[in-house]
Amino acid sequence: MFIEEVLELVELTTLREALVGLPEVNGLSTGQRTRLTIAVELVANPSILFMDEPTTCLDASAAAIIMRTIRNIVNTGRTIACTIHQPSIDIFEAFDELLLMTQGGREVYFGPLGERSCH
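To convert, note that position 26 of the sequence shown is 26 in UniProt numbering; the numbers rise steadily by one, no gaps.
Just so you know, the hints here were simulated from the structure itself, not pulled from any lab data. The reader is advised that the hints may include incorrect statements.
[Unchecked claim] Label-pair ranges, simulated between beta-carbon atoms: (1) I3 <-> G111: 30 to 38 Å; (2) T13 <-> I89: 27 to 35 Å; (3) R71 <-> M101: 38 to 46 Å; (4) L113 <-> F2: 30 to 38 Å; (5) T79 <-> L100: 14 to 22 Å; (6) E53 <-> R78: 35 to 43 Å; (7) R78 <-> C57: 20 to 28 Å; (8) G27 <-> I3: 17 to 25 Å; (9) V43 <-> G21: 15 to 23 Å.
Cβ atoms here follow ideal geometry from the backbone N, Cα and C, with glycine treated the same way.
With the sequences and hints as input, model every part of the structure.
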């Protein structure tokens, strides 16, 4: 996968010349840094990505961009597995399938998210 394609997938094309800088001081924002981390992994052209709390410490707008980025990647045929604790309804509904586990790691549910999954 070429760099330009990766930048488009993670919506960082306009920042291709930006310096990373220090968090919240200068350079990239926290959400942009998260997308940059995803981009670095995508350059290796993996068929599956594992993401641990990709929306943590992000406001609703930045989290929505991350979820859109995840969907863009899935639309290229890759699989993404994410851990997310207490997702907002918008983030929850962005996923295709759910693996719900107890604190001890026992599976409670694994399957598709239906139309009424949130009710």
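Subject >> CB-CB spacing for M101 and R71 relative to the 38 to 46 Å hint >> reply: Cβ of R71 to Cβ of M101: about 23 Å, so the range 38 to 46 Å is violated.
Subject >> Beta-carbon spacing of V43 to G21 - inside the hinted bounds 15 to 23 Å or not >> reply: 21 Å, holds
Original post:
Does the Cβ pair T13, I89 satisfy 27 to 35 Å?
Top reply: 29 Å, holds
Original post:
Between E53 and R78, does the beta-carbon spacing fit 35 to 43 Å?
Top reply: Distance hint for E53, R78 is violated at roughly 19 Å.
Original post:
G27 and I3, beta-carbon distance inside 17 to 25 Å?
Top reply: Roughly 19 Å apart at Cβ, these two residues keep to the hinted range, so it holds.
Original post:
Taking the beta carbons of L113 and F2, is their distance inside 30 to 38 Å?
Top reply: This hint holds: roughly 33 Å between Cβ atoms.
Subject >> I3 versus G111 beta-carbon gap, inside 30 to 38 Å or not >> reply: Holds - the Cβ-Cβ distance for I3 and G111, about 37 Å, lies within 30 to 38 Å.
**OP:** Please test the hint of 14 to 22 Å on the beta carbon pair from T79 and L100.
**Re:** 18 Å, holds
Original post:
Is it true that the C-beta distance of R78 to C57 lies inside 20 to 28 Å, as the hint says?
Top reply: 24 Å, holds
In terms of the numbered hints stated before, the structure departs from hints 3 and 6, listed from lowest to highest.
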